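Given chain A's structure and the hints, the job is docking chain B onto it.
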Amino acid sequence: MKILVTLVVAACLVGRADVAGAFWILDADANAIWEDNVGLGKFKRDINSDSALSTSLSAGPAFQLDTSTVFSLTGDVSGKLYERYTRLDNVALGLTATLRRKFGLGAEAPWARAWGSIARQQYDSDLRDSWIYRLGVGAGKRFGERWDFSADYIYDRRLADHDFPVAPGIPGDVFDLSGHTLALRGNFLFNERISFLGGYSLRIGEVASTTQQNLPIFLASTAVSADPAFGKGFFAYRIDAFVHTLTVGLSVAIGEHSSANVEYSHVIGDARGDITYHDNIIRVGFLYRY
Amino acid sequence: MTRLVVGLAAAMATVCAMAGPARVAQAGEIHALVNDPANHPVEDAVVVAVPEGQTAAAPVRAGREAVDQVDKEFVPYVKPIVVGSQVNFPNKDNIRHHVYSFSPAKTFELPLYAGTPATPVVFDRKGVVTIGCNIHDWMIAHIYVTETPYFGKTGTDGKVRLENLPPGRYVVRVWHPRLQGTEESTSRTITVERSGAVDATWQLALKQELRPRRSPVPGQRGYR
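Residue numbers (the working numbering), protein chains in the order written: chain A, 1301 to 1590; chain B, 2 to 225.
One thing to keep in mind: the hints can contain errors.
[Unchecked claim] With a straight-line cut-off of 16 Å between C-alpha atoms, the simulated EDC-like cross-links for lysine to aspartate or glutamate are:
(1) K73/B - E1556/A
(2) K1380/A - D1429/A
(3) K208/B - D1452/A
(4) K1441/A - D1452/A
No lab work stands behind these hints, which were simulated from the structure alone.
Model, not experiment: these values are computed from the prediction.
Chain A with its partners taken away, still in its complex shape (with noise of 0.2 Å):
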């Protein structure tokens, strides 16, 4: 309902779009993806891969302020089909607000942002059913004609519907979780038409992990619930984990609007109780932007 208002307002101002100068923004992807730990478990029994299929809209009006400041106001959709473990498969709707100045004149001049967003993600396992919440800030700067860097901090918070606890005393809303990220990306135009990217994360706060059954796992856990998306005797829990993620990627220009990229992500989660897991991460995908 929240959405569904916000949509409403986000109309009636771009019906005003000749004197607010605003604009219409558009971004959609497609990506084929393959992942050696889509449950993000520590021990060989507990790693399972997966391709998944995803895809993505976001639309909405952006109103350009003044000379340096820049309001959108999106509407997202995005969607994720799974190979082996259907039960992952999830759709997403929610809005994305960002304000963006730019401090200067000229292609070189720095950019900060700060933006919010609220999505609804729902599973075909209930168990994952939940709000996301995001709030972040970032900077960024080109550097002469080939690099470009940015750096944000992302809060997050989602809320879980459900809390299925598996044990008296234990909490069960292993999917309410939140985290601190601080990403940095950079940018190296190679020619006119091929970017190279390279970028690292770190998120310090709770993640949730699949393992069968593990009792120090789970004395470390601060939620626990069964997680039937993985198959019987599969656990997912709750842990305050340090994530790493370090990503590298090759962007291929194919006229103005449109790009096919490759990806790959290396990320390495340090957990409580000495657990740590690692995940490769191989996208591959076209991105186009009206």
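Relative to chain A, chain B alone:
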């Protein structure tokens, strides 16, 4: 009656002067062809011919020119003009643009606007003026301001004709936004006869074009 004839003659003289380089009875041409090292034609190369010995700008009537903004791009990408020309920057998009230049030959800024700015920008010094849009970083164009009325820009076939050149010797040079090396290194002296054309071919080594990419990059939200 005498006053009427004198007036008409004066008016005709003014019109002729405004028509740009004087059309001379005996005039030659330079047919220039610009290729890259692989012999592919180079578009948007500016070819200028300066009469040998000319040290100051020729007394040429400057014109009114335009560089449009269409679909978040400047059109044309390269615009050669003569010193003193006025250039307007009509915004034909339904969003606003913010045109600027840091180039020493002309520093200016047209803050966020729609439509056509009321006052054109006067380019009163020779040189290359690179213009950009502060909202859309990929939007770049180049205005080549020259001191001579004898100039042109190559088409997709890499060719341009400089016409109505009075006979004499000219220093002819070529410039391109991606030119590797200096414009002076392309200079050559060409003698133009009373009639006929002189063919001249250049091979330009070009750099990569490295303006900010318009197409999306994962993780970047562009100007939003």
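Original post:
What are the numbers of the hints the structure violates, in ascending order?
Top reply: 3
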